[in-house]
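One line per chain: the protein sequences are A and B, in this order.
Position in the first sequence (first residue = 1) + 179 = the working numbering.
Position in the second sequence (first residue = 1) + 94 = the working numbering.
Simulated from the structure, these hints should not be mistaken for laboratory data.
One or more hints might be untrue.
To be verified - For each label pair, taking beta carbons as the anchor points, the in silico distance ranges come out as:
(1) Thr-252/B x Thr-261/A: 49 to 57 Å
(2) Ala-257/A x Ser-101/B: 37 to 45 Å
(3) Asp-271/A x Thr-252/B: 50 to 58 Å
(4) Glu-120/B x Glu-194/A: 25 to 33 Å
(5) Ala-324/B x Gly-329/A: 55 to 63 Å
(6) Gly-369/B x Gln-330/A: 32 to 40 Å
Just so it is clear, CB atoms sit at the ideal spot from N, CA and C, and this is done for glycine as well.
Each chain, letter by letter, is given below.
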Amino acid sequence: MRVTIEVNGRRTEEEVEDRTLLVHHLRDTLGLTATNIGCDTTSCGACTVLVDGESVKSCTVLAAQADGAAVTTVEGLAEGETLHPVQQAFQDHHGLQCGFCTPGMIMAAVSLLEANPRPTREDVRTGLEGNLCRCTGYHNIVDAVVAASGQEVPR
Amino acid sequence: MIPATLSYRRASSVDEALGMLAEHGEDAKLLAGGHSLLPLMKLRLAAPEVVVDIGRIEELRYVRTEGDVVAIGAMTRHHDLHTDGVAGREVPLVAHVAGEVGDPQVRHRGTIGGSLAHGDPAADLPAAVLACDATLVARGPDGAREIPAAEFFAGLFTTALGPDEILTEIRVPRAADRGWGFEKFTRRRFDWSIVGVAVLGGSPTQPAVGLVNMGEAPIRATAVERALAAGATPAEAAEHAAEGTSPPDEPHASAGYRRHLATVLTARALERAAGGSPAGL
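Pulled out of the complex, with its shape left as it was, chain B reads as follows:
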């Protein structure tokens, strides 16, 4: 399978990439590691006339602490994020989930910014940044703006990013003292999650729960969070995991199966976040 004819442009800075986007408008698509976009292009589900490669923009590759947050450059590869000492210590949920994406080869190419901007509800990292209440920074012709993760994911493959904007940074509140849990279920190890659950644990606030593949966009399990706040045990709260969701219904996994799976995985992730080891594992 070969992508449709395209014109490849490589940007070496954010300014240069913004200029290329302004020049080509909606005909252009940004290419980071390419591990979400290229498969779609090979299937001709996407056929951008111009591909702007931002994968080599060095100014977007970093992980550093800035006060209460860890700032992650959008072109940081999953492998680098997963093995980064600062990320592992200060935002361990995000660092762990980066190591759960795809397989080693995918993690050598794929980037956190590319994964988030793709807006795939079956991707793992959106659930993690949702649970962490991260802030996403986008740059456009009029400068930079901050978008809370909760407002970023708008629907199926749709985000709050404008066609002339570039996601440049992910700002994750430091959470070295908070427990966390991540559970996902796949048919094969490297597959997209049938369902996944990311939990950032309780102290000092209530646990936050993000869901993978339980609707058209990555979402928070708000019913679980409300139940916990009202004093429910993790097991009781997890029973609410599928409330308000609209999981996909397909031959490999029915919507009903996904709803059940969400409750099971949420219970396990909550237990891990609380420092326990889930029963049966």
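Chain A extracted, bound-state conformation:
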């Protein structure tokens, strides 16, 4: 079927097989390969993107279900050379080790901060429960999200 999706502010219109998953559409049809496929079973959150501003796992959504929606991937966050505050905070606080979970972790964090602009550390841990970091690097990720919310990170 023909799917029309606004991806990172740009209108895309493509013919895809009805069974195409959103994550494959983003990566293979549109060439946006920052969104990773991790577990492929709705568990790890590596494939998290925003659909109409809310975090979803794009391995568990058909591209057809996103027809007419606005999708944001991590490629769509920065303004030119200026990183999004969440991206900048992940860099400043070293909120990554191997980096595989990072695109999904950042998108989940953006959605979390949209709903809760001043989360506690516990809120952050709960809010990111759908994202796994197999390096177990959660401590710095929580630091980064707290910092991105404009709150002080205890040293």
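For chain A, the structure is supplied; the task is to place chain B on it using the hints.
Below, chain B alone, put in the same frame as chain A:
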């Protein structure tokens, strides 16, 4: 993993969806948020030829009070139900459990109707609607019919819904003045419950207890309810939680372990419903 070849149809109204079901018969499967069905399709455990997407039917997205019940449209997402003011005040057990399903991403897509119609005994919401004595409304070619929650769950991934019917509404008796408790045990935060227990508290009637993952279908812990009615304390009654159940036996959790867990979690949920804070928590 990619689903088998399928034909995607999107319905914008219940009537249109019923027409698509009538047209395609047993080859068609309804898709709501897709967070139960799509994982099965990716594993090729389900391979419907036609997928009818009802996830965007606006007329099925609402939470409103109607006399003594809160009516919840079947396509209401877990996130919306969990954060809804009316649901939180009038049917707090259901609103709370909606916020315990999966993780934030899952709750942004998954719907109460999709979860209930899937009939997974490991899902949390069936236990809540059972404990609340909710009524489920289905629409089919011959009109609407009401199904008590106690008669809805027929077995493993099996419900009272016919292949030509759509679950449209969940009617939950208002329970603002009743205590409630929900306890579940998972390996990871977002996992399916190994065992879960939903309790709607005592006033004005006896507590009602629903169990997650203690058999082929979501069930009520009737032995616990009978013991409470006969005057047992919550701790005594909870000892009966596994009676009449047939929990799954698997490497992650044996049936015996689940039976034990059911008694522990039932005691905690009963205590919470009675306004207490369970010991050791």
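Hints, one by one, checked against the model:
1. Checked against the given bound of 49 to 57 Å, the beta carbons of Thr-252/B and Thr-261/A, roughly 54 Å apart, stay inside it.
2. As the Cβ distance of Ala-257/A to Ser-101/B is approximately 39 Å, the hint placing it in 37 to 45 Å holds.
3. Evaluation of the 50 to 58 Å hint for Asp-271/A and Thr-252/B yields a pass: the beta carbon distance comes to about 52 Å.
4. For the pair Glu-120/B and Glu-194/A, the beta carbons lie near 29 Å from each other, so the given range of 25 to 33 Å is met.
5. For the hinted restraint 55 to 63 Å between Ala-324/B and Gly-329/A, the CB-CB distance of approximately 57 Å keeps it satisfied.
6. Between Gly-369/B and Gln-330/A, the C-beta spacing of about 34 Å keeps the proposed range 32 to 40 Å intact.
Violated hints: none; the structure is consistent with every hint.
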